[in-house]
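Trainee: Chains as they are written, first to last, in the numbering used here: chain A, 1 to 345; chain B, 346 to 690; chain C, 691 to 1035; chain D, 1036 to 1380.
None of these hints come from the bench; they were simulated from the model.
No residue lacks a Cβ here, since even glycine has one placed at the ideal position from N, Cα and C.
Mixed in with the good hints there might be a few duds.
As the list claims (entries may be wrong) - Pair by pair, the computed Cβ-Cβ distance ranges are:
| # | chain 1 | residue 1 | chain 2 | residue 2 | range |
| --- | --- | --- | --- | --- | --- |
| 1 | B | Gly616 | A | Gly43 | 28 to 38 Å |
| 2 | D | Lys1283 | C | Gly733 | 29 to 39 Å |
| 3 | C | Ser768 | D | Lys1265 | 36 to 46 Å |
| 4 | C | Asp969 | D | Glu1262 | 31 to 41 Å |
| 5 | A | Asp270 | B | Asp458 | 51 to 61 Å |
| 6 | C | Ser768 | A | Pro315 | 52 to 62 Å |
| 7 | A | Trp54 | B | Ser619 | 48 to 58 Å |
What the hints assert, rightly or not - Think about it this way: if two alpha-carbon atoms lie no more than 20 Å apart in a straight line, the pair counts; the simulated SDA-like pairs of lysine to any residue are:
| # | chain 1 | residue 1 | chain 2 | residue 2 |
| --- | --- | --- | --- | --- |
| 8 | B | Lys604 | D | Thr1140 |
| 9 | A | Lys60 | A | Asp122 |
| 10 | B | Lys444 | C | Ser768 |
| 11 | D | Lys1294 | C | Gln802 |
| 12 | B | Lys539 | D | Tyr1336 |
| 13 | C | Lys789 | D | Tyr1336 |
| 14 | B | Lys356 | B | Lys405 |
Protein chains: 4
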Amino acid sequence: MAKTMKALMKKKSAVGASLEEVPLPKIKNGEVMVKVKAAAICGTDGHIYSWDRWAESRIKPPLIFGHEFCGEIVEVGSEVKDLKVGTKVSAEGHFICGKCFFCRTGQGHICQDVEIIGVDTDGCFAEYVRVPAENIWVMDPSIPEEIAAIQDPVGNAVHAALIDEIVGNNVLITGCGPIGLAAVAICRFAGARKIFATDVNQYRLDLARKLGADFAYNAVETDLVKEVLKETHGLGADVFLEMAGKEKAINDGFKALRKGGWISLLGITDGNVSLDINDGLVFKGAKLYGINGRLMYDTWYKMEALLLSGLDLKPLVTHSFSFEEFEKAFDLVLSGSCGKVILYP
Amino acid sequence: MAKTMKALMKKKSAVGASLEEVPLPKIKNGEVMVKVKAAAICGTDGHIYSWDRWAESRIKPPLIFGHEFCGEIVEVGSEVKDLKVGTKVSAEGHFICGKCFFCRTGQGHICQDVEIIGVDTDGCFAEYVRVPAENIWVMDPSIPEEIAAIQDPVGNAVHAALIDEIVGNNVLITGCGPIGLAAVAICRFAGARKIFATDVNQYRLDLARKLGADFAYNAVETDLVKEVLKETHGLGADVFLEMAGKEKAINDGFKALRKGGWISLLGITDGNVSLDINDGLVFKGAKLYGINGRLMYDTWYKMEALLLSGLDLKPLVTHSFSFEEFEKAFDLVLSGSCGKVILYP
Amino acid sequence: MAKTMKALMKKKSAVGASLEEVPLPKIKNGEVMVKVKAAAICGTDGHIYSWDRWAESRIKPPLIFGHEFCGEIVEVGSEVKDLKVGTKVSAEGHFICGKCFFCRTGQGHICQDVEIIGVDTDGCFAEYVRVPAENIWVMDPSIPEEIAAIQDPVGNAVHAALIDEIVGNNVLITGCGPIGLAAVAICRFAGARKIFATDVNQYRLDLARKLGADFAYNAVETDLVKEVLKETHGLGADVFLEMAGKEKAINDGFKALRKGGWISLLGITDGNVSLDINDGLVFKGAKLYGINGRLMYDTWYKMEALLLSGLDLKPLVTHSFSFEEFEKAFDLVLSGSCGKVILYP
Amino acid sequence: MAKTMKALMKKKSAVGASLEEVPLPKIKNGEVMVKVKAAAICGTDGHIYSWDRWAESRIKPPLIFGHEFCGEIVEVGSEVKDLKVGTKVSAEGHFICGKCFFCRTGQGHICQDVEIIGVDTDGCFAEYVRVPAENIWVMDPSIPEEIAAIQDPVGNAVHAALIDEIVGNNVLITGCGPIGLAAVAICRFAGARKIFATDVNQYRLDLARKLGADFAYNAVETDLVKEVLKETHGLGADVFLEMAGKEKAINDGFKALRKGGWISLLGITDGNVSLDINDGLVFKGAKLYGINGRLMYDTWYKMEALLLSGLDLKPLVTHSFSFEEFEKAFDLVLSGSCGKVILYP
């Protein structure tokens, strides 16, 4: 290994990022060093790049950001017994305490003392990244790198979509960002009846159709509620996966849901939202799940099973760039006219 | 039977009600006639009495209102085989179609073509009331009349509280109207850990304590979130039963809930409410149930089992009046300084 | 309508059946008359035909047997409001009381006072059959007759397979009779990982592969447990659908199941069976569901959704005969070398 | 600390045990040393003591046995950060690998590479015992020592009884060993309707009544099925907790269960058992849970909540002895005429 490496960094509290040459990290006894093969840009990385209010309040530069990736183990800490140099891996980016009520009851994904890679500690937009051994996910060799790199967001979609029954159900998915798009493919794979997807970006609506949506509506131009009711004998969708984080999407989804249906709420809204919960939730006898991250590691096992069984997410990865082209990559992500965007070191 | 009967009626679109002498109803072949022994006043009856916007839009006078009652069968329709004159009964007030998707899948409580007694058809504030045989609930003779008469709202509380795990859980109940108060007693009976109740009315807070609440907070004067966190090692309540229908109660409950906790939403709000669903539901990984009415008839069986096992709801029934005293009774109900109020014919 | 009709009857307590000319049934006010278009032979019909101990104890000749069918409504009782002559229909063959604890809690499939068509009352191996209106299932016109006729057993498979999670799970199905075969197709449609099927009949093992099984093992010649463990990294199958009713199949399935996995038990055994429940259920922390019939009518809605979404069951229907050829048809069914066998009037 | 300690040992492959003076154990970096305050005798310890076939095949002498205890931390390993000398603790006796599918999906209780204290490694029938830090359960100081010492079996009962709905349900518990007796108290606390308990030992039946059973039947002398049906309007018990491990108890419980009811299977049988699963499980549409140990650590949190909320298990602890009196203690345990028996160092 070299002594220095390329790393995409947020060096100061300002818009943008810079590609730097920095010393390699040093792993602790319980960690491994991973040589990054492919990294993917998350919406969160977009917030960090464009330095919005959330980023300003949360991120402490200097920081190497990025948390979606795959790579190969190149070094193993002294206490790590079950991992070897040369193994292809991805990683869960939530480092948990292991000692709180949540960690001790199989709910590590909502650990009360979590650290997130690329947000609280140096991340994967670099040639090398260090990761606690327990967070390593050994890859099945048949899974291609660009898919291995996006398991964090795909895992969110798996968690949101498969938390309750999909097979035979009509599903409304509001918001066709990468997680919404992955959810389309997952619901199709899991035997959904009709899949309705919405977005405001035509590129993403086309992708939604390609990934299996029966209907892809422009949320501004279409009367979503009317269309869903028309296609469901007036009953409404059995399932509503909210992945837009918009007040209108949520209220429309509430209206388009059938009585007794279920909802996964994953999208993050910009502050409080004004909701009709009487008609939307109470009178309907609806069931709603708030979705935070991925189950550790139930979701990872499930995701692997889906990928090995034929879930095809290749259309979801639409662009790739070298680290050096990061500005182009981020401009594209911020435009919204893309699926997942991969960065190669 | 006499040919006429006393009935408390909404005769025209205006505030108030009037006690009238009217002809007895005629039962259909599939119905039974019940001589009312005790009726109870619901918040909905308060809306009808005070003729608010909801009542004006929904109720078509002339109407005998009232939907909570018990009585004795005095006449049986020609097609009714399994019910007999003299049997003590109560009744589910939702008359359902039996043919829609919901009715055919055990979800009659959200039937798409429901009629509600005392709202859509003549109700129980009368000496006699006719009821479809399938809606009759035969009473165990050991259950006292004033409890038999309030099974509709108690059933709502059973449905809301027992839809998920209570035993060993810390429970926050916002709103100590009769349903909230019944929920306090039910959670205590079901082995809850600490029960936190809130209201703005001191009379009801005292009742909450009497029915089993460990803590009864004035929602205006107390920092509810702080108190609940203090009493739960900083984790928050495991369960949040929302029975106030107030924006502040909902947002406070969201904050006071622990991550991974569950919520029943039963209270009806006055229009849209502005909610923090990011911190309240999504990041928490919370589960939420919208609660509409009572399961037909799972809830009735469960309620009977609780009552026969020792669930003591007597403190919940605080006042009783004759039909002739209806004005006093409604004034009291509208003041909020009461539990359940019974009307006797 | 003619005044008489052809009917396949068990006229006396003996092996076999006879095709008779009998008077048309007369419908009651709440019933409809269905002209049978296609009927299918169930294993139960095989028992009745070959007059085994069970049949002798349960069936009271003379009886028209048969309970799987589709047809067209040709007459409607005076009290039936929502069904019309000319509508294509199938029917649930369990006529339930509507009044017991089970019927009143959405569990009509285990009604304590059920009558079964073709077992307790005249069935569908006839040109006409009368059916209570509430048991009628209106067919989507796009579903072909031979599929419409087999919804009873397919419904059993839907009930057994979709009672818990299939997507991404390795599934073992012991017994490839028609229900087991339908379960193979349903699990494949619902996104199962690997599907392992077993039987002793090569014809059925071939059918299992055609319907989507990854592995189809001869239960006598193969070491099932070893094979399943080999294909599942030594963990075992996540799901075990027991449809053979054989002691060895059950114990093998217990062994082949992973810890924490789930089981549907649908096959009926010939008397008591000797089971290793310590290793098979207790130490594994397994979950087991006894499966009786189909949910009324949740399963029917789910089945329709699957069929309309592309579940392809055509390979399951392997043979068809005229009523006149009934002896050939029953010989074939009793041989086991077939999928579903259809009888046409 | 002294350099040696008293320890009750199985020194060789033979009946009985001996009290020895042995060197203190040495803790590893991730472990703590606990000074034992009270230990309890489990049925498993009885098997080890009387050296039956199971014990002979599993136990490798010399071994200090015993796995139920409480005590005080007297030494803390170098890597243990969150535990302190002087803290009162109990411990989960299953030491798990943390790396298998089960451990990584919140199912550590069925870890595929588990070690059990007092069975695979030296146990708690000694003055001191070493325990991995992650297995330590810090006690609430209000819980008395003799209750703190029996959380292992009480946890089994919590796991078995609260895995599904108890409140308002009629519960049959076959087998009134300590776990069955604890289950009686837990079901009573959780709002069960009628509790039926069975055993063959009168002492234990009396204890069952004391802990909250409405009915305590001698399993040999009483027609259990008839009694339960009589007390449940002919429906049968809603819940069946099997804690006897006897073929007859299981088949009787199957018969006494109502259709659609649920079962926890915890008792271990002596080899295969001959069961009527047709009537017992399949036709009934029953749900069954195999119960292995306690959830780590969901069950511990739940148990603590119950104990702090008033679950009174004091009647369950019936006898106590000094280490020196171990022969008397084991004779008593093997006689069955006791609840929990405590050994004090």
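Trainee: What hint numbers does the structure not satisfy?
Mentor: Hint check: 5, 7, 13 fail, others pass.
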